[in-house]
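Student: Chains as they are written, first to last, in the working numbering: chain A, 1 to 349; chain B, 1 to 329; chain C, 1 to 333.
Calculated from the structure, these hints are not laboratory results.
Wrong hints could be hidden among the right ones.
As the list claims (entries may be wrong) - Below, in silico cross-link-like pairs of lysine to aspartate or glutamate (DMTMM-like), each with a Cα-Cα straight-line distance of 20 angstroms or less:
(1) K9(C) - D263(C)
(2) K267(B) - D263(C)
(3) K328(C) - D16(A)
(4) K267(B) - E224(C)
(5) K39(B) - D76(B)
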Amino acid sequence: MKENPLSFQLKLKPEDFLPATEEEKQSQVIMRESVGFWKDGLRRLRKNKVAMVSLVVIILVMIFSFIVPSFYPYTYKEQIKGANNLAPMEYSQEEQARIDAGESVFPHIFGTDKMGRDYAIRVMMGSRISLLVGLIATAIILVIGSAYGSIAAFFGGTVDLVMMRIVDIIYTIPDILLIVLLSFTLKAPLTSLGENVPGFHWVNVVGENLISIFIVFALLYWVGMARMVRSQVLMLKESEYVTAARALGVGNGRIIKKHLLTNCIGTLIVTTTLQIPSSIFTESFLSFLGLGVAVPLPSLGSLASDAINGMQTYPYLLFIPALLISLIILSFNLLGDGLRDAFDPKLKN
Amino acid sequence: MSEHLIEIEHLRQYFPAGGFGKHKKFVRAVEDVSFYIDKGETLGLVGESGCGKTTTGRAMLRLYEPTGGRFTFDGDVIFDVEKKQYADMLPYRKRMQIVFQDPYASLDPRMTVGDIVGEAIDVHKLAANKEERFEQIIHILERVGLNSEHANRYPHEFSGGQRQRVGIARALAVHPEFIVCDEPISALDVSIQAQVINMFEDLQEQMGLTYLFIAHDLSAVKHISNRIGVMYLGRMVELADSYELVDRPLHPYTKSLISAIPIADPKQARASQRIVLEGDVPSPLNPPSGCAFRTRCPYADERCAAEVPEWKEVEKGHFSACHHIDKCN
Amino acid sequence: MAEYLVDIKNERLSFFTPAGEVKALNDVSIRLKEGEVLGIVGESGSGKSVTAYSLMGLTAHPGKLLGGELQFNGHEIEHMTEKEMRKIRGNEISIIFQDPMTSLNPVYTIGNQITEVIKLHTDKDSAQAKARAKELLELVGINEPDKRLKQYPHELSGGMRQRVMIAIALACEPKLLIADEPTTALDVTIQAQILELMMELKDKLGMAIIMITHDLGVVASMCERIAVMYAGRIVEYGTADDIFYNPKHQYTKGLIRSIPRLDTKEHERLIPIEGTPVDLLNPPAGCPFAPRCDAAMKICLREMPPVTNFGDVHYTKCWLSQKEEFEKGASHE
Chain A
1 MKENPLSFQL
11 KLKPEDFLPA
21 TEEEKQSQVI
31 MRESVGFWKD
41 GLRRLRKNKV
51 AMVSLVVIIL
61 VMIFSFIVPS
71 FYPYTYKEQI
81 KGANNLAPME
91 YSQEEQARID
101 AGESVFPHIF
111 GTDKMGRDYA
121 IRVMMGSRIS
131 LLVGLIATAI
141 ILVIGSAYGS
151 IAAFFGGTVD
161 LVMMRIVDII
171 YTIPDILLIV
181 LLSFTLKAPL
191 TSLGENVPGF
201 HWVNVVGENL
211 ISIFIVFALL
221 YWVGMARMVR
231 SQVLMLKESE
241 YVTAARALGV
251 GNGRIIKKHL
261 LTNCIGTLIV
271 TTTLQIPSSI
281 FTESFLSFLG
291 LGVAVPLPSL
301 GSLASDAING
311 MQTYPYLLFI
321 PALLISLIIL
331 SFNLLGDGLR
341 DAFDPKLKN
Chain B
1 MSEHLIEIEH
11 LRQYFPAGGF
21 GKHKKFVRAV
31 EDVSFYIDKG
41 ETLGLVGESG
51 CGKTTTGRAM
61 LRLYEPTGGR
71 FTFDGDVIFD
81 VEKKQYADML
91 PYRKRMQIVF
101 QDPYASLDPR
111 MTVGDIVGEA
121 IDVHKLAANK
131 EERFEQIIHI
141 LERVGLNSEH
151 ANRYPHEFSG
161 GQRQRVGIAR
171 ALAVHPEFIV
181 CDEPISALDV
191 SIQAQVINMF
201 EDLQEQMGLT
211 YLFIAHDLSA
221 VKHISNRIGV
231 MYLGRMVELA
241 DSYELVDRPL
251 HPYTKSLISA
261 IPIADPKQAR
271 ASQRIVLEGD
281 VPSPLNPPSG
291 CAFRTRCPYA
301 DERCAAEVPE
311 WKEVEKGHFS
321 ACHHIDKCN
Chain C
1 MAEYLVDIKN
11 ERLSFFTPAG
21 EVKALNDVSI
31 RLKEGEVLGI
41 VGESGSGKSV
51 TAYSLMGLTA
61 HPGKLLGGEL
71 QFNGHEIEHM
81 TEKEMRKIRG
91 NEISIIFQDP
101 MTSLNPVYTI
111 GNQITEVIKL
121 HTDKDSAQAK
131 ARAKELLELV
141 GINEPDKRLK
151 QYPHELSGGM
161 RQRVMIAIAL
171 ACEPKLLIAD
181 EPTTALDVTI
191 QAQILELMME
201 LKDKLGMAII
211 MITHDLGVVA
221 SMCERIAVMY
231 AGRIVEYGTA
241 DDIFYNPKHQ
251 YTKGLIRSIP
261 RLDTKEHERL
271 IPIEGTPVDL
281 LNPPAGCPFA
291 PRCDAAMKIC
301 LREMPPVTNF
311 GDVHYTKCWL
321 SQKEEFEKGA
331 SHE
């Protein structure tokens, strides 16, 4: 192990060998910058290009569907005379005449449908409905699923056994069948509710189909979330810091609030984000089958469904909503993946 | 009767391990363990994994429902299973505390160090207002060699030794009299272990604490304890003054345990003759009849298989449970 | 044939994590002759496992070898492809891990896992491989080998599983066995069994062993050579007697002092090494141990100490030893 120490020795001076002070020693120890859970997670998320692009896409779609319609010169119900089945950027004869007369007419960016409604605004409203359904349905799933799952896990034993068997049974119910059955049975009572009870007029606008979709989400689709939350809470419940809290005399309520829920949040965010696209997908799929929103309210699924008939002649009427569904679902999925990488504690260095 | 701070008599702790009704199986984690600890004393508890030492410590804090036995703390009955007496634990949680083995798993990753220590203060309402709470937290952190700068940081920013200090600070926050130290140094690096052991000693001196010090490393336990109990498969096999136990062990298991420890001295290590035990520890689900150690004991005979050896005071203050104490010494 | 079985020269290795470069190994040199036992001691994160794994070409992502030469049995490890490495691994060089539970595949029988390794590296047929597997189990002291071959890992105890791991590692009679904390997960009485077995096998088969551990007790009883590592550097290297009876580096001294001893007659306070371990993301500029060293000098905080040799084997990297030489040199002038 001969190494030449001469190059070092040449530079040495006796004062180099004086004892170092405590301050000098401590100056060498640098404590890393303090980072909390949220800050750390967001920092990771920001570094994830795919997730950030997805987030931007989602925000753009939201602006497009929630804000732009308020300023848009057409409405989704308005049927423009003589403007049936226009191609994108095409004007009807009447509109052309007005333009020639010097008036300015807002173009039909995506053309019009067979009833002469501006297609761009219909697509915007359609994505608004699809997003709303996705978000509301996910909120229902989140609330029911996480409450059910955490109760089952926290109390354990027989409570857990019974509650999870109920979940198993719910898994076996065919969802499409239930939606069809519900929309048939609910049709009469809901219509009369909307017509006769003041304040419930919105029921008829939304349509009994959509309400039965929500009911089905509330009845059936939370089971996956419940299972996930249960396994998470079961794991956390056995962790040593919960035992430590018990040894300190901390009560059940505080343990759930301070230790179990806060440590679940990362997983909940990820699962919720990944649940949104699947809710949107289910809604679009059901609307496509004609089980979704009531006319004239559009959703991306019903728009695609309507466009099927004229697919040969007006393919853009199908492509635009179909593309938008794919874009929304893909963005939410990619964002969910990014969130998982950022917030899932298991992947932490 | 209550000259001892801690008194455990015939503690039993079983856990269900599947099966129904008559065929229900149990893991006998702790079987008939008795000991006492005086005020200001440290009792060490050693044994291999699965011997029930951790369970004993946790059962004392009523983190499990005890299966049998009686435990008195400072004259008060904490539990007496035969008489069905169970104390309300909340006031005692302030007097008895625990420090865990794994400094990574025992701190909530989403709480700052200040809040981890402060939780105990909140639960027992030890502080009148926020300033007082903060003052108390800083005071305790300084006691364990941390400072106010550390209070707003999260556990993952600390090294193992520092985290263990936070765990100790949490236990100290309620000003307990008795602390169960559940393998507090096993997960730490060698150079850090000595820091933590010294801190335990200093705190004991300053605050008059009583410890139950659980570990598998006999040299560390011997260093900190006044007396040591050795456990094997849920039973206590020997208990004596710590120097006495290491110098003149009576039970054959204690002997082999001592001889199995690698000595950090090459010449002594080359010279020493190890008693290497054959075989493995039997499963606590299905322990051997009679003396639990007989399957690995060089002195075992029919009697060991037939009768459980009696726990008796062989010499003053030196307890052991073995049929052949005369033969093996 | 090279003089040394293992000859690592000035190895540098870094992990490129999202938070920055972690310099896991800095200028690490190790030499080992055939049949020698080398102990590498150090705290977690000191780079002791990384050194051994890099010798097997098993550096985990995102680790990268940045420099140095790694020679093993005439092979130049740093220039070898993964395919060439695979021929050496398990054949000339084997490893046993800390946790015998996770390093055995739970869905295959013990027999399956041993014969697979034998068939991979030799041209034995199934029957011959099975006979060899039985022989190996007997070698590592497992009774009723026929029965054990048909069992699954979860049916065996921790000590038994570690014996099986050793049997697999020895299947091709390697020249070098790397033992990465082989007894840390085991109980003291089982640890004694395994250590005894390893020494027996070493005498019988004449292989070299690199023993990675944090337990000075284990190296004292087993190893001829000891390397003490701190923050990715070997701070002291020597024979077992050099390290234990004549330690030169402040870290080695502190480490030996801080161990509680079983043979004390009265209560003595332990002498710990104060401070916290190095954050490898923000290592100090000079000697990594300087912030915790009670004899630290001004130069220690600025410059990495060079090697000081004591005899053929024993060397350290500490400015204190340099200071002695410097003063000697000054008095001569």
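Student: Work down the list of hints and note, for each, if the structure agrees.
Tutor: Here is how each hint holds up against the structure:
1. Of the pairs offered as hints, the one joining K9(C) and D263(C) is violated, with about 40 angstroms between alpha carbons and a cut-off of 20 angstroms exceeded.
2. Distance check on the hinted pair: K267(B) and D263(C) sit about 14 angstroms apart at the alpha-carbon level, within 20 angstroms; holds.
3. A C-alpha spacing of about 16 angstroms is found between K328(C) and D16(A), which places the hinted pair at or below 20 angstroms, so the restraint holds.
4. For the suggested pair K267(B) and E224(C), the alpha carbons sit about 12 angstroms apart, so the restraint of at most 20 angstroms is met.
5. With a C-alpha separation of about 14 angstroms, the suggested pair K39(B) and D76(B) falls inside the 20 angstroms cut-off, and the hint holds.
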